[in-house]
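Modelling step: build the complete structure from the supplied sequences, incorporating the hints.
One-letter residues, chain by chain:
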Amino acid sequence: MTSGEIKEVVLDILEGIAPDEDLSGIVDDVPLREQLELDSMDFLDIVMELRKRYRVQIPEDDYVELATMQSTVDYLAPLMKDLQKV
Amino acid sequence: MAAADARLETVMYDTIIIGAGMSGLAAGIRLAHFDRRVCILERHTAIGGLNSYYRLDGRNYDVGLHAVTNFTPKGTRTGPLARLLRQLRIRWDDFALVPQLGSKIAFPGVALKFNNHFEYFRSEVERHFPREKDGFQRLTETVVDYDDLSEETAAISARAIVEHVIKDRLLVDMLFCPLMFYGGSRENDMDFGQFSIMFRSIFMEGFARPWAGVRVILKHLVRRFKALGGDLRLRAGVQRIETDGDRATQVVLDDGTTLEADRVLSSAGLVETMRLCGSQVPPSPPKTGKLSFVESINVLDCEPREVGCDQAIVFFNDESQFHYRKPDDLVDLRSGVICSPNNFAYSEPLAEGLVRTTALANYDRWRALDDDAYRQAKQECHARMVEIATRHVGDFRDRVVATDTFTPTTIERYTGHAGGAVYGTSRKRFDGVTHLKNLFLCGTDQGFVGIVGAMFSGIAMANRHLLSGTSDSTQPAELAVQDVL
Chain A
1 MTSGEIKEVV LDILEGIAPD EDLSGIVDDV PLREQLELDS MDFLDIVMEL RKRYRVQIPE
61 DDYVELATMQ STVDYLAPLM KDLQKV
Chain B
1 MAAADARLET VMYDTIIIGA GMSGLAAGIR LAHFDRRVCI LERHTAIGGL NSYYRLDGRN
61 YDVGLHAVTN FTPKGTRTGP LARLLRQLRI RWDDFALVPQ LGSKIAFPGV ALKFNNHFEY
121 FRSEVERHFP REKDGFQRLT ETVVDYDDLS EETAAISARA IVEHVIKDRL LVDMLFCPLM
181 FYGGSRENDM DFGQFSIMFR SIFMEGFARP WAGVRVILKH LVRRFKALGG DLRLRAGVQR
241 IETDGDRATQ VVLDDGTTLE ADRVLSSAGL VETMRLCGSQ VPPSPPKTGK LSFVESINVL
301 DCEPREVGCD QAIVFFNDES QFHYRKPDDL VDLRSGVICS PNNFAYSEPL AEGLVRTTAL
361 ANYDRWRALD DDAYRQAKQE CHARMVEIAT RHVGDFRDRV VATDTFTPTT IERYTGHAGG
421 AVYGTSRKRF DGVTHLKNLF LCGTDQGFVG IVGAMFSGIA MANRHLLSGT SDSTQPAELA
481 VQDVL
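If you read the protein sequences in the order shown, they are chains A and B. Take 1 as the starting number for the first sequence in this note's numbering and just add one per residue. Take 1 as the starting number for the second sequence in this note's numbering and just add one per residue.
Source of the hints: derived by calculation from the structure; they are not laboratory data. Honestly, I wouldn't trust all of these hints.
Partial selection, computed: residues in chain B whose CB lies under 7 Å from chain A [as the list claims (entries may be wrong)]:
hint, residue
1, F34
2, R36
3, R37
4, T78
5, R86
6, R91
7, W92
Built from N, CA and C at the ideal position, the CB exists for glycine as well.
Listed below in structure tokens is the structure:
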């Protein structure tokens, strides 16, 4: 998967979690917590959705990498480069 | 064919959930969404538990639900409703919530009105209790600052804290009255944690209701649960939970069917769940909750506002002091709640008018009556409640086309909650753990109340105990996230 595809995956996950949100204006380098007021339960859901959909395991110590869209994509890129988008 | 047909089903579930109420269904959705094999067992043919509905003589009635508390408008991203919608992947519109038109707390000589805009309530408090303006401000700041997860004041007496900042006993009682009627499991007081959560849910967030009642929410949850592959079994009462002293090993149904699961989540209540575990209970068994209610329902052939009943909810108290405790008599009619589901901002009116009056009742007294005495007591109680309601909301007596009344024994029969204690035992298990490693609690006795609270309870317990890798893990992963993000 390319970085662009990974971003689409993350957006799709966010769309599922917050179906009422318009995600077209998400800014890549601003914390998602600030932009969408996501809480700890939501971040855990992003982790769990990635595990469910792509078997990507994110250790607790790495949760901090999910702060912004950019940091999330950068973090996931090496983990997901050999996976096909579903 | 009952006992002779007893069989062990070979399907092994990840989690069995006892009770298809708001908390069990919400937990089930979480688990099924993340591909867990999950089964919800419901004793009755109808789902909903404490917040259910029934049909009588061609009419639909809600039980439990007067209003959904914690209402926040579409687009709100914070607060329990927004959080639970995200957790369940539900759109705001799916619950079809319509805000109230207004409510009030009516005590002798003074009435405080409120709606879903907190500043209005604040202005009412300041108008009627000008000397308490600063105290009320301090109280609201404390309540807003209260953090549900990590507050040391959680288990402190709310009365002690409120009376410290508000000196007028009348105002203190008026603030407590709606909170107690909508979630008080203890007599005359509650934990400050619960006070804060309920104060926010009632005064700072607000009331709403789907036009078609609680079934809208329940049906949405069930559809979602089934679509995700969850099993829902109706008429599947749990007779007992087999244990090996350390873990729940099997769940045995009334018809003898035996089911196995890695973990069990029970919304039956703490006392009730311990009873299911039979003799394997901890040394000091929990006590049944004391507080139960009678409700009298009147169906009108007109909109209630035509006879003067224009509030969604009226919390009333006719004595100089407010007493929230188990009455000595069958019922305590000195205070209560009058609800009219018509008084919400619907785009079209309900088919008929409804006035529901709720008051504290004594389960033991109702239980002790024989059939004839029970029927008579119910009739008399209904008549007295109608009379009291007319004093508060207008005389609707000649517009009544149907009535129904339920008592603590009705509640016990249909919800399985011992003693008809709708708010459960007074000692909550906020962590949801029991004496068995793989048996957890959700719902009323886990500690959250109201419809949103109940669903949140199921979600929180599923996240904490049932979505982690092993059944013995008690470390909630969400706390790890909280630390870093």
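*Hint by hint, which ones does this structure get wrong, listed from lowest number up?*
2, 3
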